[in-house]
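Chain by chain, the residues:
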Amino acid sequence: MADENVALGSCVVAFGAVLSLTSYLIIGSVPLTAMGIGLIVVGAAWALTPSHPLPREVVGALVRSSCSNIEALLEALGATKRAVYIPLRGGKKVVAYIPIKGSGNLTVEEIAENEGKVIVNRGGSFGVLVSPPTASLRNPHPIEEGLDVQSVLEHALVDSEVAASVKFVVEGNDFVVEIKKPRIDVDHPRFKLVMGSLPSSIAAQAIALATSKPTQIVSEKRNRDRLIVHVRALNWTERDFT
Amino acid sequence: MDRERLYLVTLALLNTIAVAVLAALSETRLDVYVSMFALIYFASTAIFRPRKRLFDVVGSSLLVVFSYVVAMRVLEVLVKP
Numbered sequence: 007m008a009d010e011n012v013a014l015g016s017c018v019v020a021f022g023a024v025l026s027l028t029s030y031l032i033i034g035s036v037p038l039t040a041m042g043i044g045l046i047v048v049g050a051a052w053a054l055t056p057s058h059p060l061p062r063e064v065v066g067a068l069v070r071s072s073c074s075n076i077e078a079l080l081e082a083l084g085a086t087k088r089a090v091y092i093p094l095r096g097g098k099k100v101v102a103y104i105p106i107k108g109s110g111n112l113t114v115e116e117i118a119e120n121e122g123k124v125i126v127n128r129g130g131s132f133g134v135l136v137s138p139p140t141a142s143l144r145n146p147h148p149i150e151e152g153l154d155v156q157s158v159l160e161h162a163l164v165d166s167e168v169a170a171s172v173k174f175v176v177e178g179n180d181f182v183v184e185i186k187k188p189r190i191d192v193d194h195p196r197f198k199l200v201m202g203s204l205p206s207s208i209a210a211q212a213i214a215l216a217t218s219k220p221t222q223i224v225s226e227k228r229n230r231d232r233l234i235v236h237v238r239a240l241n242w243t244e245r246d247f248t
Numbered sequence: 395m396d397r398e399r400l401y402l403v404t405l406a407l408l409n410t411i412a413v414a415v416l417a418a419l420s421e422t423r424l425d426v427y428v429s430m431f432a433l434i435y436f437a438s439t440a441i442f443r444p445r446k447r448l449f450d451v452v453g454s455s456l457l458v459v460f461s462y463v464v465a466m467r468v469l470e471v472l473v474k475p
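First to last, the sequence lines map onto chains P and B. Numbered by the numbering used here, the letters in the first sequence go through residues 7 to 248 in order. Numbered by the numbering used here, the letters in the second sequence go through residues 395 to 475 in order.
Rather than coming from a laboratory, the hints here were simulated on the basis of the structure. It is possible that part of the hints are untrue.
Said to hold, decoys possible - For lysine-lysine, the following DSBU-like pairs were computed, each having C-alpha atoms within a straight-line distance of at most 35 Å:
#1 Lys87(P) to Lys107(P)
#2 Lys219(P) to Lys87(P)
#3 Lys187(P) to Lys446(B)
#4 Lys173(P) to Lys474(B)
#5 Lys474(B) to Lys198(P)
#6 Lys98(P) to Lys227(P)
#7 Lys227(P) to Lys446(B)
Unchecked claim - Among chain B residues calculated to face chain P with C-beta under 10 Å, some are:
#8 Phe431
#9 Ser461
#10 Glu470
Note that CB positions come from ideal geometry on N, CA and C, so glycine has one too.
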C-alpha cells in the first residue's frame, strides 16, 4: 500500500489538474489555471517526498547501540591502534580493520582479501574487520553517475542529519574535513580512540568510498560547534599504517 | 518541523503568493506563471535539499517547460521584423 505522502500528493495533483482544466476550458481564467498548475507542482513534490519510516531519535539510538557493541569488542580485544577504513571491491560498503597485534606485515590489499571474515590472522599480524556504524553512504538516487568526495560527504553527514554542514580541503594525502554542528556522537573512550568520533568515522568512510582508497583518521580537533578531522588516504600497498 | 515539511509548506506558500501577485498585476500570460513556479521550485529545492524517493520528475518537467517558454520568447524577439 502506498504511504500517506503518495496518497495525499496524488489527491492534490488530481485536484490541481481538474482546477486548471476547468478554469482554462470553461471559465477561461488564467490566474485560476495557474493556481491549478501550482497545485500540480506542489502535489507532485509532496508525492515524491518520502515519509520517515523511523524517527530520528530511533535511528540515533540504533547507531549508539551499534557503537556500544563495538566498544565492548574493542575493550575485550584491548585495541588501541587507529582503525583503517577499507572500501570493498563492490564499492558499496566500507569495513574497518582494527589492528591488534603485529604491524607492518600485511598490506591493506592483503587485509581487504579477507572480505566477509571477522578475524584477520596472517603473516604475524592479528586484527579484526568490523562494519563501522553509518546512516547511509551512497545516495540511492544520484543525480549523476560517479562519486565525488563533497557529494558523498554531504549525503553521509548532512542528508543523514548527523551534522549541519561539511566541507573539506586536500593537503597532500590528507583530507582536512570541517564538520559543523555534529548532532549525533558517542561517549565511548575506546571507540573514539580507535574509530574516531562518530561524525569523523562517517567522514573517513565517505572519503574511502568516494576515492576508492583506504583511509585512516590521523587527528581530530573539536572547536566549539566545529569538528576538524584529518583523514589520510592510504595506498593499497601501504604496510606502516599502525 | 522537519526539513521536508518546511520545504513543502514554503513551496505551497510561495506558489500562492506568486499567483496572487501576478493576478493582482493583471498578468494574463500563462507562461509567466509557469516560469515563476519553475524558479520557486528550483530555489526551494536548492535551499532545503529535500530527500526524494525517485528521480526528480517535477524538476525535469519544469525545466523542459521553462526552456520551451524561454526559447519561444527568444524566437519571438529574433523573428520580429
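Cross-check of the supplied hints:
1. Lys87(P) to Lys107(P): Between Lys87(P) and Lys107(P) the Cα gap is close to 9 Å, so the pair holds against 35 Å.
2. Lys219(P) to Lys87(P): Holds. Lys219(P) to Lys87(P) sits at ~19 Å (cutoff 35 Å).
3. Lys187(P) to Lys446(B): 24 Å, holds
4. Lys173(P) to Lys474(B): 49 Å, violated
5. Lys474(B) to Lys198(P): Violated - the C-alpha atoms of Lys198(P) and Lys474(B) are around 69 Å apart, more than 35 Å.
6. Lys98(P) to Lys227(P): Measuring from Cα to Cα gives roughly 29 Å; hence the hint holds.
7. Lys227(P) to Lys446(B): Holds. Lys227(P) to Lys446(B) sits at ~34 Å (cutoff 35 Å).
8. Phe431: 5 Å, holds
9. Ser461: 16 Å, violated
10. Glu470: Since chain P brings no Cβ nearer than about 19 Å to Glu470(B), farther than 10 Å, the hint is violated.
Consistency with the previously given hints fails for numbers 4, 5, 9, 10, ordered from lowest to highest.
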